[in-house]
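Visitor: Below are the chains, spelled out letter by letter.
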Amino acid sequence: MRSYEAVSVKTEGDLLELLKNNKKLTYIAGGTDFIIKLREGKVSPELLVDISCLEDFRGISVQDGFIKIGAVTTFSEIQNSSIIKKYARCLAQAAAKIGSVQIRNRATIGGNIVNASPAADSLPALGALSAVVEVFGVEGLRKVNIEDFIIDMRKTCLRENEIVKNIYIPCSPDSFSSFSKVGARKSVTISKLNLAVNLKYHKDVCLEINAAVGTLGKNFVLLKDCDGLINRKMDEDFAKVLGEKLSRLVQYTIPNRASMPYKSVAIRGLAEDVMEDIINELSGRGINL
Amino acid sequence: MITETELMKGFKYVGKSIPIGDAEAKATGTVRYTGDMEFPNMLYAKFVYSPYPHARIINIDTESAEKVPGVVKIYSYKNTPKTTFNSQVWFLGQNAIEDQVLFSEEVRYAGDFVAAVVAENKKVAEQAAKLIKIDYEQLEFVINPKKAVPFFNVEFKCGDIEKAFKGDVFISEDTVETQKIHHAAMENHAVISEFDPVSNKVIVYSPCQIMFSVRLIVAKVLGLPLNKVKVVKTVMGGSFGGKQEVILEPYAAFFAMDLKRPVKIEFERTESIRSTRTRTKTIGNVKTAVDKEGRIVGRDIELLLDTGAYTSNGAVISMAMGRKVFRLYKIMNQRYRASVVRTNTPIAGAARGYGSPQIHAITEINIDNTARRLGIDPLEFRLKNLVEPYALDPSGGPPLGNIRIIDCVKKGAEEFGWKGKWQKVGSGGRYKYGVGMACATHVNGYYGAYQDFTTMTLKMLEDGTLILNASLHDLGTGTTTIMKQIIAEVMDVDIRHIEVPEGDTETSPYDVGCHASRVTHVCGACAKMVSEKLREQFVNECAKILGVTPYEIVMEDGFVYTLQNPDIKYSYGELASLIQRKNHVELIQTITYESKDNPASAGVNFAEVEVDTLLGLVKVKRIVAVFDVGKAINPGMVEGQIHGGIQMGLGFALMEDLEIDEKTGQLKSDRFSRYNMFNAPEMPVIDVFLIEKGGDLGPFGAKSIGEIATIPTAPAVVNAVNNALSTYMCKMPLKPERIIAELKKGR
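Heads up: the sequence lines are chains C and P, in that order. Here full-length UniProt numbering is used: position 64 in the first sequence is 64, and no number is missing along the way. Here full-length UniProt numbering is used: position 54 in the second sequence is 54, and no number is missing along the way.
Chain C with its partners taken away, still in its complex shape (with noise of 0.2 Å):
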């Protein structure tokens, strides 16, 4: 391991007066990825910059119709906010099935949109719920959508030195969303699988559904084919019909995996689980279904 040089930023004035050195910087939140890359040699920092203390970069609020999650915010923080949990609940649920309870005290949402793995928990819930993530740089603030971050395996767009600050997920009162996974076990365990449905509805019918399937490729599949899911009404035979369509997008995205039986199966279980957990919900707000 080389020495390196380490900093700590407070504000956002902070981190622009570090752009302007013109070094390379490698930012550190929650540290339980970059930890073990470090110690494996994967990565070697020049200057390290500490961003877990940057309060601009951290929170939930509600701002213009827009949940605005900062990227240095816990998945605790995420899986226990009363925002996330009303208006994006799939989210909530990923958050809360990552990793272990240590772990989700450190994560940062921010550090795992950039770990950028195939397996992440958030992504697909993000994808579902059709987030745009706000990069800061030293010319200023961009905007990309989810789906177009991830450019390839454990890869994003972000340029050298880049960092992402915010990421905004639209706020919709007739919205609803649920999240499921499937690993080894029930509890920490790295997702073999998993799905993240956003659904509009009025009543107990199907106006609009957005599904994100994680773990198939180098970033999360949207299902595009929704025929017949839309102007219907929210039953055990949508779930199937979900499922069926899920399945056929599972084996069209990994054909040749070895890991496509299976998962072709077992995302319809994840169908279930989802439509499961939304329909109950949605009675449970007084909606019969």
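If you're looking for bench data, these hints aren't it; they were derived computationally from the structure. Any given hint could be a false lead.
[To be verified] Here are the simulated lysine-lysine pairs, BS3-like style, with alpha carbons at most 25 Å apart:
1. P:K133 <-> C:K37
2. C:K37 <-> P:K123
3. P:K731 <-> P:K663
4. C:K37 <-> P:K122
5. C:K68 <-> C:K10
6. C:K186 <-> P:K731
[As the list claims (entries may be wrong)] A partial selection of chain C residues facing chain P, derived with a Cβ cut-off under 7 Å:
7. A184
8. R185
9. V265
10. G269
Note that this is a predicted model, so its numbers are computed, not measured. We put the CB at the ideal spot given by N, CA and C, even for glycine.
Chain C is fixed; fit chain P onto it per the hints.
Guide: Frame of chain C; chain P shown alone:
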């Protein structure tokens, strides 16, 4: 021998759930494990491992590694002894294939030791290890045991199986496969060795299971007489057989002797998973012949064992497995054949149960499958065929003693509610429900196979406190607490007054070691006997002091009085001091106890599962476990062992797997993020019941629990899953992918 009637009377210290002696120190971090120990001037060693499953080393270039400041010396096949050894040998004169050396030019699995850097600190050692350049010539390799050539074959039999199979019988055949798994002790492997230049002696500090095995192998590799190697057993953070074999000790000892400085080796998880030992992979074919009355009239078992890259215990474990099959059911015509092969995979070795979990998985899955093929209840099928107390082993092994497997099964079936639960499962929704059961038997020491004896010295000090000197190895299971309870019971004194250290090879007497589920049964019996001897000596000496006959002396709760004057009480200390001053006698007894029986421990698990037919996940809802332990010296510890055994068995059944890629020879699950075990939220409800009927030679009737605790779980769970899905899956673990693939076949 203790009878059931005597057991009913109860005891003062035996049968009480006294907490494990060092539990608080371990929980609060006060205990110093080997990894925490620091010696002045200590060096650190880091290994370089083979990236290939089989290769010849053409050249090792250590030039740039040696230039790293702080590097002291680099070891490889070029500068280390060529002495061959077998890491599982535990006594001098044991016959074993010796195919290991410290470093070889030929590496036999991905993870094999190629070189070691010894440096001033761990970081430097790690950094330099990465700079060593090695040229390999890759050689052909074998991963699949079916493609390897056996180096050892064994056959045990009783009766006439050909005749049994020719009769009017139903023959039920299964081929069961069990995988390699990691022991996953919380403490990774660690060792420290130092050289004492005054006595020219090597000292090894190791959390080991057999200190005399460590002494033997270190002395052999270093070319020293046994009295120039001193092994100290350090606090153990779990072993499960993983630290039974001598793995890191000869390296640390050689480096320390060569450099005349203390050397520490401490593994990280990936190293422990890949480069220590694994459970032996087995493929077993079973044919069972059943007559019209549902009696098993014959059984033929053929096994293939994969011992990995080196011989290790391959031959010994194949025999240990074979002995179990004659000791659970009344099968008068039976044959067991096993072939052992080496493959270019991580080395197999001792693992909790020493082959018993594998052989019982193979036979108990077949028992359930047979019952289902015959359309009879597996419970009834077992009850008809299980052995009765004091049955003999038809293959000539030691008598089974007071084996109470039928009592276990009846008690378990009742508590579990088997009658209402086992049924043919119909078609249903996504979640299928099933129940399964499995029985098991295990040993109590080596009697009948190898020499099994131990020596102990117990002394009472002049203040009345006691010290036991014995070569005990507490693996975290509470061995030393058990010994205290036994001594306390005999001496009628509070356990606070008894000290039971673990000992070392220089100052403690010989013991066979902590394996073969022998410690409570054999060492415990020795502790009881030496206590009885000391009690007798104490009584005799007290009688002289008090001027009465020994028959008039009463020992009670740490006090002595005479029948004539029960109101005048002397503490043990008052009298011990008087005995020293007036009688000029030390209160000390040494005895060697040789085990004369090897009764069968026995037990059963009943499992209730729910299978998700879409995700392929199995939720284990409840396990009822009943074990015949003769007498629980410490019921709390026994229950703890059973809970832990079930946790290990569940992982074995459903998720733990050291899977090696057949094309590349690489281990996929070399870290805990890829090697998932049952964690707390995954655990089922567990109900434990004990059958305590004594009847054998263990202390107060005690029999083993540590190993058998994990044996019946995996087959019980596999049987429950097969019951739920109406399948006959026999390849462990039953991972979601396998379950879904099996269900697809059926569709």
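Visitor: Which hint numbers does the structure go against, in order from smallest to largest?
Guide: none
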